[in-house]
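> Use the sequences and the hints to build the structure in full.
So the protein lines, in turn, are chains F and X. Under this note's numbering, the residue at position 150 of the first sequence is numbered 150, and the numbers go up by one with no gaps. Under this note's numbering, the residue at position 185 of the second sequence is numbered 185, and the numbers go up by one with no gaps.
It should be emphasised that the hints constitute simulated quantities derived from the structure, not laboratory data. Certain hints may be false.
[Stated by the list, open to error] As a list, the in silico SDA-like pairs of lysine to any residue whose alpha-carbon atoms are at most 20 Å apart:
| # | chain 1 | residue 1 | chain 2 | residue 2 |
| --- | --- | --- | --- | --- |
| 1 | X | Lys247 | F | Arg193 |
| 2 | X | Lys247 | F | Lys151 |
| 3 | X | Lys28 | X | Ile133 |
| 4 | F | Lys151 | F | Phe106 |
| 5 | F | Lys28 | X | Ala26 |
| 6 | X | Lys247 | F | Asn189 |
| 7 | X | Lys247 | F | Gln231 |
| 8 | X | Lys247 | F | Met244 |
| 9 | F | Lys28 | X | Glu23 |
| 10 | X | Lys28 | F | Asp242 |
| 11 | X | Lys151 | X | Ala115 |
| 12 | F | Lys96 | F | Asp242 |
| 13 | X | Lys151 | X | Glu132 |
| 14 | X | Lys247 | F | Asp235 |
| 15 | X | Lys28 | F | Ser34 |
| 16 | X | Lys247 | F | Leu49 |
| 17 | X | Lys155 | X | Gly128 |
| 18 | X | Lys247 | F | Asp228 |
| 19 | F | Lys28 | X | Glu27 |
| 20 | F | Lys52 | F | Gly170 |
| 21 | X | Lys28 | F | Ala26 |
| 22 | X | Lys247 | F | Asn230 |
| 23 | X | Lys247 | F | Gly243 |
| 24 | X | Lys247 | F | Thr239 |
| 25 | X | Lys247 | F | Glu23 |
| 26 | X | Lys247 | F | Ser56 |
| 27 | X | Lys247 | F | Val241 |
| 28 | F | Lys28 | X | Asp33 |
| 29 | X | Lys247 | F | Tyr227 |
| 30 | X | Lys247 | F | Arg245 |
| 31 | X | Lys247 | F | Ser199 |
| 32 | X | Lys151 | X | Asp130 |
| 33 | F | Lys28 | F | Tyr107 |
| 34 | F | Lys28 | X | Ser34 |
| 35 | X | Lys247 | F | Ser54 |
| 36 | X | Lys28 | F | Glu27 |
| 37 | F | Lys151 | F | Glu137 |
| 38 | X | Lys247 | F | Asp242 |
| 39 | X | Lys247 | F | His229 |
| 40 | X | Lys28 | F | Asp235 |
The structure presented is a predicted model; accordingly, all values stated were derived computationally and were not measured.
2 protein chains.
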Amino acid sequence: MEEHAADPSHPRYRSLLMRHRLEIAAEKGMLADSALIAHGRGEAYDYLLDEKTSSSAHVATQVALGALVNAQHPVLSVNGNVVALAGDEMLLLAAKLDCPLEVNIFYRTPERMQALLSDLHERKTRLGIDAEILGAEPDATIPGLKGPRAKCESKGILQADVILVPLEDGDRCEALVAMGKTVIVIDLNPLSRSARRGSITIVDELTRCLENMLSMDRTQLPSLESYDHNQTLQDALNTIVDGMRNKFSDGKE
Amino acid sequence: MEEHAADPSHPRYRSLLMRHRLEIAAEKGMLADSALIAHGRGEAYDYLLDEKTSSSAHVATQVALGALVNAQHPVLSVNGNVVALAGDEMLLLAAKLDCPLEVNIFYRTPERMQALLSDLHERKTRLGIDAEILGAEPDATIPGLKGPRAKCESKGILQADVILVPLEDGDRCEALVAMGKTVIVIDLNPLSRSARRGSITIVDELTRCLENMLSMDRTQLPSLESYDHNQTLQDALNTIVDGMRNKFSDGKE
Chain F
1 MEEHAADPSH
11 PRYRSLLMRH
21 RLEIAAEKGM
31 LADSALIAHG
41 RGEAYDYLLD
51 EKTSSSAHVA
61 TQVALGALVN
71 AQHPVLSVNG
81 NVVALAGDEM
91 LLLAAKLDCP
101 LEVNIFYRTP
111 ERMQALLSDL
121 HERKTRLGID
131 AEILGAEPDA
141 TIPGLKGPRA
151 KCESKGILQA
161 DVILVPLEDG
171 DRCEALVAMG
181 KTVIVIDLNP
191 LSRSARRGSI
201 TIVDELTRCL
211 ENMLSMDRTQ
221 LPSLESYDHN
231 QTLQDALNTI
241 VDGMRNKFSD
251 GKE
Chain X
1 MEEHAADPSH
11 PRYRSLLMRH
21 RLEIAAEKGM
31 LADSALIAHG
41 RGEAYDYLLD
51 EKTSSSAHVA
61 TQVALGALVN
71 AQHPVLSVNG
81 NVVALAGDEM
91 LLLAAKLDCP
101 LEVNIFYRTP
111 ERMQALLSDL
121 HERKTRLGID
131 AEILGAEPDA
141 TIPGLKGPRA
151 KCESKGILQA
161 DVILVPLEDG
171 DRCEALVAMG
181 KTVIVIDLNP
191 LSRSARRGSI
201 TIVDELTRCL
211 ENMLSMDRTQ
221 LPSLESYDHN
231 QTLQDALNTI
241 VDGMRNKFSD
251 GKE
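Written as structure tokens, this is what we have:
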């Protein structure tokens with residue numbers, strides 16, 4: 001880990017901790033080549049969001065949790081960066097919702113799949129929780145996607161009515177929406193294709209969002225009907241814009 | 001290289017080309033651990049700037065070139081990402097300005113220094129140009145910095161009156177400014193410490209900026225006195241903000 005990162009009082013502790021988690025995952029062969037660049041893009045947006053969960057993102061998180069709680073077949077989809085950054089939190093959420101978690105990666109190779117599945121099973125044992133981990137035996141495909149990236153499990157992603165896809169590729173997000181699913185996106189870039197195409201988008205950092213979701217009162221959640229997608233994305237842009245307005249012109253920094 | 005990247009008509013050709021250059025540099029041991037994450041942050045800001053050189057950035061580039069042309073001892077400082085992304089362009093600029101280029105890296109190890117110096121000498125031979133490459137024999141230090149990151153050459157960075165530091169770390173940028181130098185920063189994040197602390201800041205993508213600089217008419221450059229630092233940074237923020245305003249609220253995307 002980089003200097004100072006072991007000290008939780010360091011202002012960049014959390015950011016350095018996330019980098020450390022990615023370093024470990026990279027060593028284990030869990031990540032795609034583009035993983036670190038993608039993480040850097042996220043860091044830039046989180047910086048612009050002042051590294052805080054906005055009230056709008058908090059409401060979107062509540063709506064998303066409500067959709068998962070009320071689903072017939074909720075599924076949590078995880079890729080390399082998600083397992084690296086928040087494998088524990090995703091497993092804890094799956095256990096709490098009593099739903100499967102499915103490894104589903106864009107650049108699919110047997111080696112990466114094995115590394116991710118092993119890591120998740122180790123985490124599950126360490127956490128001492130019960131959660132079904134899918135992805136090892138794909139027997140179905142997501143319509144509209146080509147090649148290995150279309151693979152999924154029939155008892156997981158294929159039959160899901162509500163699916164959580166943190167840090168998802170735009171093509172796959174669109175393909176899942178086209179299947180008629182309620183697709184919940186967690187993405188720091190409110191302008192990304194995933195953020196725009198998702199049914200419910202939470203513009204927040206992954207671990208902050210999941211910690212919020214895990215601690216929420218499940219009896220007091222707003223309805224999906226109350227969720228305004230465009231307004232949620234615009235709220236995120238406004239948060240960024242408000243931080244930039246007159247930042248230099250008025251002499252302040 | 002990732003799919004489609006070999007086709008220059010692909011809308012993401014340039015972005016994929018830059019990633020490809022980083023992959024090659026990583027294989028050669030030229031990059032720090034944080035290099036790809038830093039590049040991803042840059043990608044996010046360039047996306048917000050619509051991947052174009054703004055008129056304000058163009059003027060800042062002209063001012064910067066004028067400062068280099070009129071300097072007594074101009075020096076171009078390069079780190080791992082700069083050599084990876086724009087080693088050729090930096091050497092061409094050094095040849096054009098008849099000034100030294102100095103390898104100066106934050107996470108300094110003998111192996112990385114050697115990899116960067118070898119790469120630059122190979123490029124120089126291939127380009128068939130004359131440019132002095134410094135950094136191999138540091139005999140001075142930048143005051144205010146600790147450890148290996150303070151090292152520099154007395155006939156290079158130490159004596160420079162005007163120094164170009166693309167993609168520079170904030171601490172080192174501040175230390176160079178504190179030495180009384182005119183520090184020219186190239187940085188895609190107008191809010192970064194380097195961007196704020198630099199004497200002249202060009203908020204633009206590195207290779208776009210250098211290509212502009214290499215093709216500029218050197219007889220028609222605006223003076224340093226005409227440069228408004230805060231306004232230049234605010235212009236960059238305004239470009240970002242203008243792209244975000246009412247992006248979703250009015251129903252457009």
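> Does each hint fit the structure? Answer for all of them.
Evaluation of the provided hints:
1. Lys247/X - Arg193/F: holds (13 Å)
2. Lys247/X - Lys151/F: This hinted pair is violated, its Cα atoms lying about 34 Å apart.
3. Lys28/X - Ile133/X: holds (19 Å)
4. Lys151/F - Phe106/F: This hinted pair holds, its Cα atoms lying about 9 Å apart.
5. Lys28/F - Ala26/X: Roughly 18 Å between the alpha carbons, so the hint for Lys28/F and Ala26/X holds.
6. Lys247/X - Asn189/F: Holds, at roughly 13 Å.
7. Lys247/X - Gln231/F: holds (10 Å)
8. Lys247/X - Met244/F: holds (16 Å)
9. Lys28/F - Glu23/X: holds (19 Å)
10. Lys28/X - Asp242/F: violated (42 Å)
11. Lys151/X - Ala115/X: holds (17 Å)
12. Lys96/F - Asp242/F: violated (37 Å)
13. Lys151/X - Glu132/X: holds (18 Å)
14. Lys247/X - Asp235/F: holds (10 Å)
15. Lys28/X - Ser34/F: Distance ~18 Å between Lys28/X and Ser34/F Cα, so the pair holds.
16. Lys247/X - Leu49/F: holds (17 Å)
17. Lys155/X - Gly128/X: Outside the cut-off at roughly 24 Å; violated.
18. Lys247/X - Asp228/F: holds (14 Å)
19. Lys28/F - Glu27/X: Holds, at roughly 18 Å.
20. Lys52/F - Gly170/F: Roughly 24 Å between the alpha carbons, so the hint for Lys52/F and Gly170/F is violated.
21. Lys28/X - Ala26/F: holds (18 Å)
22. Lys247/X - Asn230/F: Status holds; Cα separation ~9 Å.
23. Lys247/X - Gly243/F: holds (17 Å)
24. Lys247/X - Thr239/F: holds (13 Å)
25. Lys247/X - Glu23/F: violated (36 Å)
26. Lys247/X - Ser56/F: With a Cα-Cα distance of about 17 Å, the restraint between Lys247/X and Ser56/F holds, given a limit of 20 Å.
27. Lys247/X - Val241/F: holds (12 Å)
28. Lys28/F - Asp33/X: The given pair, whose Cα atoms are some 16 Å apart, holds under the 20 Å limit.
29. Lys247/X - Tyr227/F: holds (18 Å)
30. Lys247/X - Arg245/F: Within the cut-off at roughly 16 Å; holds.
31. Lys247/X - Ser199/F: holds (18 Å)
32. Lys151/X - Asp130/X: Violated, at about 25 Å.
33. Lys28/F - Tyr107/F: This hinted pair holds, its Cα atoms lying about 16 Å apart.
34. Lys28/F - Ser34/X: It holds: about 18 Å lies between the C-alpha atoms, which stays within 20 Å.
35. Lys247/X - Ser54/F: holds (18 Å)
36. Lys28/X - Glu27/F: Judged against 20 Å, a Cα distance of about 18 Å means the pair holds.
37. Lys151/F - Glu137/F: The hint holds at about 9 Å.
38. Lys247/X - Asp242/F: Roughly 15 Å separates the two Cα atoms, so the pair holds.
39. Lys247/X - His229/F: Roughly 12 Å between the alpha carbons, so the hint for Lys247/X and His229/F holds.
40. Lys28/X - Asp235/F: violated (43 Å)
Hint violations for this structure: numbers 2, 10, 12, 17, 20, 25, 32, 40, all remaining hints satisfied.
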